[in-house]
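Here the sequence shown is numbered in UniProt numbering, starting from 1 and rising by one per residue.
Simulated from the structure, these hints should not be mistaken for lab results.
Even glycine gets a Cβ: it sits at the ideal position worked out from N, Cα and C.
Possibly wrong hints are sitting among the right ones.
To be verified - For each label pair, taking beta carbons as the anchor points, the in silico distance ranges come out as:
| no. | residue 1 | residue 2 | range |
| --- | --- | --- | --- |
| 1 | Ala264 | Phe186 | 31 to 39 Å |
| 2 | Glu154 | Lys261 | 57 to 65 Å |
| 3 | Gly233 | Gln11 | 47 to 55 Å |
| 4 | Lys40 | Glu122 | 51 to 59 Å |
| 5 | Ser102 | Glu170 | 12 to 20 Å |
| 6 | Asn218 | Ala187 | 24 to 32 Å |
| 7 | Ala187 | Glu21 | 27 to 35 Å |
| 8 | Gly55 | Ala183 | 41 to 49 Å |
| 9 | Cys8 | Tyr115 | 48 to 56 Å |
Unchecked claim - Think about it this way: if two alpha-carbon atoms lie no more than 27 Å apart in a straight line, the pair counts; the simulated BS3-like pairs of lysine-lysine are:
| no. | residue 1 | residue 2 |
| --- | --- | --- |
| 10 | Lys202 | Lys149 |
| 11 | Lys116 | Lys7 |
| 12 | Lys116 | Lys83 |
| 13 | Lys106 | Lys81 |
| 14 | Lys49 | Lys106 |
| 15 | Lys28 | Lys253 |
| 16 | Lys253 | Lys147 |
| 17 | Lys49 | Lys29 |
| 18 | Lys147 | Lys83 |
| 19 | Lys158 | Lys40 |
| 20 | Lys49 | Lys83 |
| 21 | Lys217 | Lys229 |
| 22 | Lys193 | Lys29 |
| 23 | Lys84 | Lys40 |
| 24 | Lys261 | Lys28 |
| 25 | Lys29 | Lys253 |
| 26 | Lys147 | Lys116 |
| 27 | Lys29 | Lys177 |
| 28 | Lys217 | Lys202 |
| 29 | Lys81 | Lys29 |
| 30 | Lys147 | Lys177 |
| 31 | Lys254 | Lys29 |
| 32 | Lys229 | Lys177 |
| 33 | Lys177 | Lys217 |
| 34 | Lys272 | Lys28 |
| 35 | Lys40 | Lys7 |
| 36 | Lys193 | Lys158 |
| 37 | Lys40 | Lys254 |
| 38 | Lys217 | Lys194 |
| 39 | Lys28 | Lys193 |
| 40 | Lys253 | Lys194 |
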Amino acid sequence: MTTWFYKCAEQCPELFDSAEEFLSEYEKKYCALMERVLQKDSSVYVILKKDGPLGLPQVAGVFSFNRGRSFTSCIPDYNSKIKKLLREFFRTHEVFSIIGESEGVKKIEQILYEYKNLLPAEIREMFLMEYNGSVPAAVELKEQDEKIKRCSGEDAEKLMPLQVNFSCEEVYPFWKKEVNLAAERFALDSTLKKQIVFAVDKNNCLVSRAQTNARTKNYFQIGGVYTLKEYRGRGYACQLVKMIADTAASENKKTVLYVRKENAGALRSYTKAGFNQTAEYRMVYYR
């Protein structure tokens, strides 16, 4: 008889190694989840199956549920046993958002609808894009008063307008109007400590930025790409993501990013930079 169960990896630390091995096949598509596993984050759960009383547990899936109530998962086979486990999990965990490959997210949506009669309040369709171009040795800007710089903690204040505008336009669901500046600064400071951030400096003002939001053994995942409206159309985003891809290549790593399907400008920039569409992703919000 096969027993199915899930366990928080923090309660059994050796599960982090098992989760890493399981996710290695899917690393490109689940960089953020893999990073949490590598960091031994408390948000990581592992779905296990055990054949008989003497059988060794085998990993059947990995998911993360963080403090922001965001759910992401890598579950190749949504069989009836796993669906039952997820219903048990959602019985005591209220979800705010779900992100992942489109088909997997739709299966989670179905579970929440059948079990809790919940429907998403907002749906975002995205492409996962992977860098396949020839990475330039250097990037040059057209104007003398422009330069690309790698940011540090000292740049936090100058980056805050980009941070806040990006969150308002690209992260928050449509009904969230208030900005928590303290939370945004905390998130920015954490990114500057743990990730890679590049920005375009024009006359001592940071007008465009791109950053990693996950780094694993084999991949950089780019996020937070944002240019102030009055400076768009100048190719900044294209050059910044190339700069990150260059940094990744110097470490023998590949680069991926997400982009909304309807964001034609960003799609053109990333394609020009050498990124190609590789998968379809979906993000849903619940109220």
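Verification of the hints:
The hinted range of 31 to 39 Å is satisfied by alanine 264 and phenylalanine 186, whose Cβ atoms lie roughly 33 Å apart. Taking 57 to 65 Å as the suggested C-beta distance range, the pair glutamate 154 and lysine 261 does not conform, at roughly 37 Å. In this structure, glycine 233 and glutamine 11 meet the distance hint of 47 to 55 Å, their C-beta atoms being roughly 51 Å apart. Taken as a hint, the range 51 to 59 Å is violated for the pair lysine 40 and glutamate 122, whose Cβ atoms sit roughly 32 Å apart.
Between serine 102 and glutamate 170 the CB atoms are about 19 Å apart, so this pair conforms to the stated range of 12 to 20 Å. A hinted range of 24 to 32 Å for the beta carbons of asparagine 218 and alanine 187 is consistent with their spacing of about 25 Å. In this structure the hint that alanine 187 and glutamate 21 lie 27 to 35 Å apart at CB holds, the actual value being about 30 Å. The supplied range of 41 to 49 Å is met by glycine 55 and alanine 183, whose beta-carbon atoms lie about 45 Å from each other.
One distance hint, 48 to 56 Å for the beta-carbon pair cysteine 8 and tyrosine 115, is violated here, with the actual separation near 21 Å. Taken as a hint, the lysine 202 and lysine 149 pair is honoured in the structure, with Cα atoms around 10 Å apart against an allowance of 27 Å. Distance restraint check for lysine 116 and lysine 7: the Cα-Cα separation of roughly 22 Å lies within the 27 Å cut-off, and the hinted pair is therefore satisfied. Of the supplied pair hints, the one linking lysine 116 and lysine 83 holds, its CA atoms being roughly 13 Å apart against a limit of 27 Å.
Taken as a hint, the lysine 106 and lysine 81 pair is honoured in the structure, with Cα atoms around 17 Å apart against an allowance of 27 Å. Distance hint between lysine 49 and lysine 106 is fulfilled; the C-alpha atoms sit about 23 Å from each other, no more than 27 Å. Pair hint lysine 28 plus lysine 253 holds up; C-alpha atoms about 11 Å apart against a cutoff of 27 Å. Note on lysine 253 and lysine 147: the hinted pairing holds, with a Cα-Cα distance of about 25 Å set against a maximum of 27 Å.
Using a Cα cut-off of 27 Å, the hinted pair lysine 49 and lysine 29 holds, with the two alpha carbons roughly 23 Å apart. Distance check on the hinted pair: lysine 147 and lysine 83 sit about 51 Å apart at the alpha-carbon level, beyond 27 Å; violated. Straight-line distance between C-alpha atoms of lysine 158 and lysine 40 comes to about 32 Å, which puts the hinted pair past the 27 Å bound. A hinted pair counts as satisfied when its Cα atoms are at most 27 Å apart, and lysine 49 with lysine 83 qualifies at roughly 13 Å.
A distance of roughly 35 Å separates the Cα atoms of lysine 217 and lysine 229; the hinted pair therefore is violated under the 27 Å criterion. For the hint linking lysine 193 to lysine 29, the alpha-carbon distance of about 24 Å falls within 27 Å, and the restraint holds. For the proposed pair lysine 84 and lysine 40, the alpha carbon gap of about 26 Å is at most 27 Å, so the pair holds. A hinted pair counts as satisfied when its Cα atoms are at most 27 Å apart, and lysine 261 with lysine 28 qualifies at roughly 19 Å.
With a C-alpha separation of about 14 Å, the suggested pair lysine 29 and lysine 253 falls inside the 27 Å cut-off, and the hint holds. Simply put, lysine 147 and lysine 116 have alpha-carbon atoms about 52 Å apart, too far for the 27 Å limit, and the pair is violated. Taken as a hint, the lysine 29 and lysine 177 pair is broken in the structure, with Cα atoms around 31 Å apart against an allowance of 27 Å. Distance check on the hinted pair: lysine 217 and lysine 202 sit about 34 Å apart at the alpha-carbon level, beyond 27 Å; violated.
A hinted pair counts as satisfied when its Cα atoms are at most 27 Å apart, and lysine 81 with lysine 29 qualifies at roughly 24 Å. For the hint linking lysine 147 to lysine 177, the alpha-carbon distance of about 33 Å lies beyond 27 Å, and the restraint is violated. Taking the CA atoms of lysine 254 and lysine 29, the gap is about 12 Å. The hint holds against a cut of 27 Å. Among the hinted pairs, lysine 229 with lysine 177 is consistent with the structure: their alpha-carbon atoms are about 19 Å apart, no more than 27 Å.
A hinted pair counts as satisfied when its Cα atoms are at most 27 Å apart, and lysine 177 with lysine 217 does not qualify at roughly 37 Å. For the hint linking lysine 272 to lysine 28, the alpha-carbon distance of about 21 Å falls within 27 Å, and the restraint holds. The suggested pairing of lysine 40 with lysine 7 holds, with an alpha-carbon distance near 14 Å, which does not exceed 27 Å. Among the hinted pairs, lysine 193 with lysine 158 is consistent with the structure: their alpha-carbon atoms are about 16 Å apart, no more than 27 Å.
A threshold of 27 Å between alpha carbons decides the hint, and for lysine 40 with lysine 254 the separation of about 23 Å falls inside it, so the pair holds. Straight-line distance between C-alpha atoms of lysine 217 and lysine 194 comes to about 15 Å, which keeps the hinted pair within the 27 Å bound. Between lysine 28 and lysine 193 the alpha-carbon distance is near 23 Å, which keeps this suggested pair within the 27 Å criterion. The hinted pair formed by lysine 253 and lysine 194 meets the criterion: a straight-line CA distance of about 17 Å does not exceed 27 Å.
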